Every structure is written in structure tokens, then in C-alpha cells.
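Chemist: Given next are the chains, with one letter for each unit.
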Amino acid sequence: MPAPLEIINARKVFRTPEGGSLTALDGVSLKLATAEFVTLLGPSGCGKTTLLRTISGFETLDAGDILIDGTAVTQLPAHRRPVNTVFQRYALFNHMSVARNVGYALEIAGRDKREIRTRVGEMLELVGLTGLEKRTISQLSGGQQQRVALARALAGKPKLLLLDEPLSALDKNLRQKMQQELKALQRELGIGFVFVTHDQEEALTMSDRIAVLAHGQIQQIGAPSQLYQSPANLFTADFLGESNLLPVALDGQSARIGDGQGFAAARPAGAATLLLRPEALGLARPQGPALSFTGVIRETYYTGKDHQVALETPAFGTLHALLRSGSTPLDLGAELTLHAPADDLHLIDEVAP
Amino acid sequence: MLRRLLSLYGLLFFVFIYAPILLVVIYSFNANTLNMMIWDGFTLDWYRQIFGMETSITQSATYVDSTDQLYAAVRTSLIVAFSTSAFSTVFGTALALAVARYRFRLAGFYRTMMMVPMIMPDIVLGIALLIFFITIGMNLSLLTIIIGQSTFLISYVFVTVSARLAEFDTSVEEASADLGATPAQTFRKVTLPGIAPGILGGWLLSFIISMDDLVITYFIAGTGNTTLPIHIWGMLRRGIKPEINAIATLMLLFTLVIAAIGLYFRSRRQK
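Going down the list, the protein sequences come from chains A and B. Using our numbering, read the first sequence as starting at 1 and increasing by one per residue. Using our numbering, read the second sequence as starting at 354 and increasing by one per residue.
Please keep in mind that the hints were generated in silico from the structure rather than gathered at the bench. A couple of the hints might just be wrong.
[Unchecked claim] List of simulated lysine-lysine pairs, PhoX-like, C-alpha gap at most 25 Å: (1) Lys134(A) with Lys159(A); (2) Lys113(A) with Lys134(A); (3) Lys305(A) with Lys172(A); (4) Lys542(B) with Lys113(A); (5) Lys172(A) with Lys31(A); (6) Lys594(B) with Lys157(A); (7) Lys542(B) with Lys134(A).
[To be verified] Simulated restraints on C-beta separations: (8) Thr60(A) with Glu520(B): 43 to 53 Å; (9) Leu189(A) with Glu520(B): 27 to 37 Å; (10) Arg267(A) with Thr523(B): 46 to 56 Å; (11) Gly461(B) with Glu201(A): 57 to 67 Å; (12) Glu115(A) with Phe485(B): 51 to 61 Å; (13) Glu299(A) with Gln538(B): 55 to 65 Å; (14) Thr523(B) with Ser141(A): 18 to 28 Å.
Computed from a predicted structure; not experimentally measured. In this text, a Cβ means the ideal position worked out from N, Cα and C, and glycines have one as well.
This is chain B alone, in the form it adopts within the complex (with noise of 0.2 Å):
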């Protein structure tokens, strides 16, 4: 009886987690151009509507935004979070190996000080972020966005980082000098393959926080650049239409993926 209700509770649980999700995604596929709440047949409109495709939709149910606009979203947000998913995690992995090989003063500083950005207030990070870049007269751009995400995203690859050299065995590194391999030697062949996993999670971590940030990104992304979380705000400002539910199903794909590329590397490493 007690296991039943368990199980129920259990159930119900995910219902309340995953259900928003899922009707996000059966709405992609709904039919009804009207009303997007009721069930009208399948169709894949929504999505060649997203990539410009000839449609049966008529124009009132979709947004005014050229498909362009989708497609230049799209990629200043692939720009950004290469470019600062790759910056953060070479500092984030090298400030972790640094706090956590080095005795230095003040070690025990430095990271809780790599802690903070994480639970900062993102609203409090933007404005800060805003009023500096203005304040030592950089031009938003496209270089602000990079530079303001990178601070906060090298926390997440020095946490991942951390946690990962956390459990690796040093001794594995003098094994590799006894047997006559030089530091550098020994960082490439032993230490790099072993926080390999963890260096891996960091930067797929971060590379899926800075695809989808929005609060900090809108302070300091200025006009030009818009990133997709930004685009998407700006469509929703103008009523819920059904193709939201189509791009909202193909980021969430994208995150998936990437997700299923780390957790296939690191079973591979783990074997």
C-alpha cells in the first residue's frame, strides 16, 4: 500500500516536472492555428514555417519576423557560446588545477570568491556588468556579451573542474614522473586524460547556460546583437503564437544532444 502510494507520488512528481515540457512539444505539432490549446491533427507547419518553407499557415498566426532574423539569432548565439564556452573553460580549469595543486595564501579565498558569481543575483550581475562596460566606454557588442559571460560561466567550469580533480589521485602523477616523464609530459598524457570527464561537463555546461542565459545577456547585448533567448523574448512580447512551441522543441533537441555527447564520453572513459 505504503510502496503504491510511493510510486504515486513518485509519478505525480514527474508529471509536475516534465508535463509543461511535453506539452510544449505535442503543441509543436498541433494543427489548430487559432487556438494552439486544442488538439486540431498533425502537422510539421510550425517548423517549415521556422525555416521558411512553404506553409499552409496564413500570416495571421505567425509573427511578422523574417526567418533571417531566426537564423542571425541563431547564430550569434552559436558565436557566443563557442566563443565564451572555450574561454571559460581553459581559465576555469586552470584556476581549478591552480587552487587545488598550489598551496598559495589565501587559497580558501580564491575559491569561495570562484563561488560567487554562481549565486549571484542575475539582474545584479547585468547591471554590473552594464554600468562597467559603459563606465570604461566600451560599446555594447558582441565582444561585451562574451566578456560579461565568460565571468560568471568560468565558475561553473571551475566548480565541474574542482570537483573532478577532487577525486583524482595524485599518486598516478608521481607514478608518471618515476617513470621518467617530464611535468608537461605528465600533465598531457596522465592528469589531462584523467579530469578529462570533468573538463568535458564544464565546457557543455557552460556552453548550454550561455545558449539560453537571458537576464545578463539583455543588459549588456546593446542592438545589433541579438541572441536567441533575446529574439524569443522579443516574439513572445507580441502574443504566444504556435511556432514558438516549434523553436522552443528544437532548442530543447539541441540541449539534449549535446547533453547525450557528454554522457556518451564519459561512459567511453569511464570503461
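Only chain A is shown next, with the shape it has when bound in the complex (with noise of 0.2 Å):
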């Protein structure tokens, strides 16, 4: 079975109104697993949505190609491309009904009315919007909107299907529920997903693999766990998480941080950075080797189940920490000491500047 999507070293380049030029995308390749999520991830200006706009053909490719389910699609316009999209701000034709919006790429392909009519009941059925046919789009709420939208891009029976930020307008609730539904629905429907957002808690909850992108590059491709634990540069450890970076000095067979501690790390010499997760500083010292950091209670923040603490320490700085809520009083200004486990820690082959 061909890959629903394949880009094979994509680049785009934009000239500015200034005269000068832009890489939006600078040799970018990416396979899909047949029904796989991917999500691209990054910060604005990064290249994702120019990504996603020359999948689904409304930007053309300076060089590389585009494959869709196997076919090389690089020079169709979009409107012969088997995708379909979400839109950021949904783009529902205002002057039709929900039954007509959702039933648009049917009504192009010129099927027959009752063909239509079953296939928008169906659609409407899976967002759960069933028996709003006949509504204006400007009778919807901004959650329903979306949902038509989302059913609109699916009636066609798209081999492969864009979102763009399409969580991004509603409220906080409505965003997990329909991150779960979306989640859901992508594993009923069978279909490929490439899901574009600056949200990393989103691109996290919802991705079988996440592509961070930076500077038009990926900068890492894999699963959610895979980036979270052992980011492959300082980049996606600082961009995925909260993270706390440190310098290391190598020596071949051990690593030492700036205040001396040193940890077990078979690395040729030479310098490199220490990524401590928040959750992996804790209250109790561990038993074997560990690191440990006193410092003054700058910012203690209650979350519900943790307690954010920023810890400022002499020789690092100030260090995030992700503490469980327990008896030990973490008063602003005292003084603490955290541990982590020195075995299993992630170094970064990168130095940051």
C-alpha cells in the first residue's frame, strides 16, 4: 500500500516586498504511515503552514515533490489534489445551509441529490450535528462551525486529510474535547491526518508522530514520547516542554556539570548540554548516583496535583521544578535541594550560544 503522503525535499522560497528572499521551506522530507497523525509542530514563521498549503496545492514547490497515496501530484492545482482541508477560521460558505457546506465537494463532483443528501445525514451523524441541515452557518456557535467544517472536508472521502490550527479559535474546554474527538475520529475514519499547530500540549495529546519544524527545516520527527525524552537538539528540547538546559564538559567516560557534579556518560569529549526535565527533580534522593542542586524558592506556583517551584541555584541558575503536593512547605525565599537521578539522563550533542 503506497504511502498516503509522501515529500520528497521540499523548498519554497519567498521574495519580500524589500527585495530580499525567504526559505519557507529549506529540503523538507516527510512520509506518512497509511492512517498515521502527524503533526506539525513549530513557532509562527517556521514553514508548517506553507507545508500543509503546498500539500493541498495553493502554494507550488520551487523544488522536490509531492506524493499523494503514490501519485506525484507537485504540479496539480489544488483543486485536483485527493485532499482536502480544514481552514484556521473554518472558511464555511456563508450563503449556503450546513447541508449544502457539508454536501459542496459532492455537489462539485456532481453526484446525485439523494446520494448527497445521505452522505451530508452521515457526516452530520459522525461531528454530532445531526439534524442541523437547514441552518445558516451564522446560526452556529464557533464549536459547531467547526464541526461542520470538519465534515465538510471529510464528505468527499479525502485519501489524506490537512488541518490548520483548526482548535485554535475555540475556548480551553471545547479545545480538549474536540482534540479527543478528533483524536477519535481519525482512528475510526482510517485516514491520514497532517494536523498543523503551535500548540506542543496539542501536537503532544494528539500525534502518532510529531515533525518540529524550525526555520523551514525539520528539526526532529517521531513520536511524542521519543521528542519529550530525548530530543535530538536544543531547539525541540526547549520548544517541546519545559526544560532545564545545562552545559556539560565531557571527558570520554564521565560528564561534568558546571559545579563539579559529574555523572557517567561513554561520550567522546568534548561539550555538550544536559536536558533535566521538571519532573525529573524531586524532594527525595534517589538511591544510586544522582545530581543535586540547592537553591532559594523564587516562584512556587499551585497547579491542582504539583507544584511548579522556580528554584534559583548559584552555579545554574534559576531551575524549573515539577514538585508532587506533599508535607514539605515551599515558602518563597527558603532554601531547598532537589535531586534527579543520575542514571538514563539525555545529553544534547549542541552547546547553546
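Join the two chains, each given in its own frame, into one complex according to the hints.
Modeler: So this is what it looks like as C-alpha cells:
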């Protein structure tokens, strides 16, 4: 079975009005597995939206190829590509009813009225809007419009669904609900989803794989847990979740951090960066080798089950920790020692500038 | 206190604007044949007179013009208005689309050039058109009126449609293409319905302006083609007679009906 989507070495350069040029895609390659949910994650201007628009056909590549379901579509205009898009602000047709919006792809394809009506009914049931066929778009809430946009994009049975930050306009509760629904829907339909977002939490929750983009290049692609636990570079480590990044010196067998504490690391000598996630730091000293950090509590936030603590240390500046709420008082200005187990630490072969 | 003063000011303002028009309407029903400023009872005779029906009015109070001439003028005006508004709407809309959608050299220049005919003094435009038609050896006729009016009515349509296009969200066109529609299908099913209120507005505006344009049309009409405004102007030169009030009232009614149709379609679109 051919991959639902394959992008080979895609390049795209925009000309800026000032006469300069802006590299939006700098050699991007990506291959989707069957029924895979891939998220393109990155800050604004990283090229993720451009990449999505080259897949849907609204931007043409300067170089490279795009294959959908094994067929090259690089030269095809948008209306001849077997993909559909859920747009950021929905882009619904305000002058049409909900039913005509959802049935638009079938209407264009010239299907007969009864077939369209049946399919529209199915689609509305799928997104939980049964019975709203005759409504106009302005009579719907934001969440309902979102569902209509989704139903409209799915009605034509696309091989691949593209989603351009579709949840960014919804409030937090609705967004979380829609995240779960979208994921469930994707499993049920068994088609590939390419989801664009700048919200890392959203990416971590929904994706089979995440492609982190910056400066027009894929920084790293992998499962959410892989990206979170062992990021390949500083950008990914910093962009995905909170992180404490400590410079380390390597001598071949062991690594040493700024204050002289060391741990075993069988790597070539040189400099690297140690990644310590906030939840790796704890109050109790673990058995076996550990790194310890003593400092003064500068900030604490109570989040319900956890305390976020900002600890100011003499050697490393501010460290962020996520501590289980417990009996230990966490008073501002108090001294505190935190420990992290020193086996299985993740090192990044890059040094912060 | 201040509120009252403001209300009074508002009232005076509207009296200032609408009193003359209201007077024309009232006088059109005035039975006094000698002095139309003095109310002498209600009558529909002036309207009957226009349509050539039997009235009790003596000849001295009316214009010598026959009803046929008035009808001919109305017909000429309608032919001109339908032709120019149709022509201007098609070309004005096409121009607005081109300037809004395509990036080409001097787009800003073209946009400005489309505004110029609107601010050009009518007299200047009239003289220019007259000299132009004479120079190229074109006899003044219905056709010269239509061509001449279109030169500036295109601008009105262009401005109205451009305004609509400016607030039209192009992402729905992308959505349409994304769902498989060819550019032509997208234009028919999405773009056109989206900017239809602007097109309709431009069409009605150009129709109404065409119907009552006097200055420019006067220069390029020649002798055989009397439009309604030129006809009324001719009547006025022989003194103001009560009949004119009835004609003015009918024109006002006609304009209001067209505007109402426009508003009706607009509100239906927005629902």
C-alpha cells in the first residue's frame, strides 16, 4: 500500500517586498504511514503552514516532489488533489445552508441529490450535528462551525485530511474535547491526518508522530514521548515542554556539570548540554547516583496536583521543577535541595550559544 | 437640556434636508392652478395630466408639451439607463476583480484612475466627450449617450464592488478549490454570491445616476434624443408649472422603489 503522503526534499523561497528572499521550506522530506496522525509543530514563521499549503496545492514548490497515495501531485492545481483541508477560520460558505456546505464536494463532483443527502446526513451524525441541515452558518456557535468545517472536508472521502490550526479559535475546554474527538475520528476513519499547530500540548496529546519545524527544516520527527524524552537538539528540547538545559563537559567516560558534579557518560570528549525535565527533579534523594541542586525558592505555583517551583541556584541560575504536592512546605525565599537520578540522563550534542 | 437641544438640532437638520422635497410632493396634489404656493384643496389632476387623461385644468396652467413627448423622454431614459448600467456593471465588476485579485504593475495607478471620473467636474467631462465624439466623426445619438455615461458610471460600480471585495474573505475561495471546484465553479458558486450585494448595489446606483444625469448627457445627446432630465429642464425654461411637481414626485417614487429593491435583496443575502 502506498504512503498516503510523501514529501521529497521540498523547497520554497518567498520574495519579500523589500527585495530580499525568505526560505520557507529548506529541503523538507516527510513520509506518512497508513492512517497516521502527524503533527507539524513549530513557532510562527517556521514553514509549517507553507508546507501544508504546498500539500493542498495553494503554494507551488520551487523544488522537490509531493506524492499523495503514491501519485505525484506536485504540478496539480488545488482542485485536482485528493486532499481536503479544515481551515483555520473554517472558511465556511456563509450564503449556503449547513447541508450545502457539507455536501459541496459531492455537489461539485456531480453526484445525485439523494446520494448527497444521505452522505450529508452521515457526516453530520459523525460530527454530532444531526438535524442541523437547514441552519445557516451564522446560526451556529464557534464549536458547531468547527464541526461543519470538519464534516465538509471529510464528505468527499479524501485520502488525506489537512488541518490548519483548526482548534485555535476555540476556548480551552472545547479545545480539549475536540482534540479527543478528532483523534477518535481519525482512528475510526483510518485516513492520514496532517495537523498544523503551534500548541505543543495539543501536538503531544493527539499525534502518532510530531515533526518539529524551525527555519524551514524539520528539526526532528518522532513519537511524542521520544521527542519529549530524548530531543535531538536544543530547539526541540526547548520548544517541546519545559526544560532545564545545563552545559556539560565530557571527558570520554564521564560528564561534569558546572558545579563539578559528575555522572557516567560514555561519549566522545567535548561539550554538550544536559536536559533535565522539571518532573525529573524531586525532593527525595534517589538510591544510586544522583545530581543535587541547592537553591532558594523564587516562585511557586500550585496547579492542583503539582507545585511548579522556580529554584535559584548559584551555579545554574533558575531551575524549574515540578513537585508532587506533599507535606514539605515550599515557602518563598526558603532554601531547598532537589535531586535528579543520574542514570539515564539525556544529553544533547549541542551547546547553547 | 443638552439632549433636548441636540434633538432639536437633529430635527432642524432633517427639515433642512427634506422640506423642499416634501413641499414638491405636497404641491403635486394642490388643486390651485394659478399659484401653486397656496393650498387650494386636494387633486390628482396633475398626475392625470401627465398621463394624458381628462382633467378639469385649463390649458394655460399646463405645458404645451404633449404626453407623447414625455413618454418618449421616459423611454429614452430607460433605454439609456438599462444599457449603461448593464455595461458599467459588467466592466466595473471585472475591473474591480482584476485590481483586487491580481498583482500587476501600476495596480495602484489604475485604482486611482478609476476614481478620477467620479470627481471630474461634469461640465468638463461633458465638453470633453462632445469634442471627442465630434473629432472622431461620430454623430450624437443614443449610442453616444450610452458610451458617454458609461465612462463615469463604470467608476461607481468599480468603487461599490471594490468595497465589497475588500471585506470578502478569500479563504472561502481556497476552501472551494480544496473541495474540488474548478476556478470557474468557484467563481460562480462562491465568489459571485459573496460579492453579489456589491454588484447589485453598483448596478442600482449606476441605473439611478444614469436616470437623472443632466449635465453630461445634455452635451452629448444631440437633438433627437431627449432624456427625461433634459425634457424636464426644457419644461422648466418655460416657467414652473404645477405639473412639474407631479413628475418630480413620480421620479422620486421610482428611485425609492429601486432603492427598496436593493435593500430588500441585501437583507435577504445577509440572513
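Chemist: So, for every hint listed, does it hold in this structure?
Modeler: So, going through the hints one by one against the coordinates:
Proximity of Lys134(A) to Lys159(A) is assessed by CA-CA distance (about 28 Å); at most 25 Å being required, the pair is judged violated. Pair hint Lys113(A) plus Lys134(A) holds up; C-alpha atoms about 15 Å apart against a cutoff of 25 Å. With a CA separation close to 19 Å, the supplied pair Lys305(A) and Lys172(A) stays within the 25 Å bound. A distance of roughly 17 Å separates the Cα atoms of Lys542(B) and Lys113(A); the hinted pair therefore holds under the 25 Å criterion.
Restraint check: the Cα-Cα separation between Lys172(A) and Lys31(A) comes to about 31 Å, which exceeds 25 Å; the hinted pair is violated. For the hint linking Lys594(B) to Lys157(A), the alpha-carbon distance of about 73 Å lies beyond 25 Å, and the restraint is violated. Simply put, Lys542(B) and Lys134(A) have alpha-carbon atoms about 18 Å apart, close enough for the 25 Å limit, and the pair holds. Taken as a hint, the range 43 to 53 Å is violated for the pair Thr60(A) and Glu520(B), whose Cβ atoms sit roughly 28 Å apart.
Against the hinted window of 27 to 37 Å, the Cβ-Cβ separation of Leu189(A) and Glu520(B) comes to about 36 Å, which satisfies the hint. For Arg267(A) and Thr523(B), the Cβ-Cβ distance of about 53 Å falls inside the hinted range of 46 to 56 Å, so the restraint holds. The given range of 57 to 67 Å is broken by Gly461(B) and Glu201(A), whose C-beta atoms sit roughly 44 Å from each other. As the Cβ distance of Glu115(A) to Phe485(B) is approximately 59 Å, the hint placing it in 51 to 61 Å holds.
Distance hint for Glu299(A) and Gln538(B): a CB-CB separation of about 58 Å, consistent with the stated range 55 to 65 Å. Distance hint check for Thr523(B) and Ser141(A): the Cβ-Cβ separation is about 24 Å, which falls inside the suggested range of 18 to 28 Å.
The structure fails hints 1, 5, 6, 8 and 11 (numbered hints given earlier, in ascending order).
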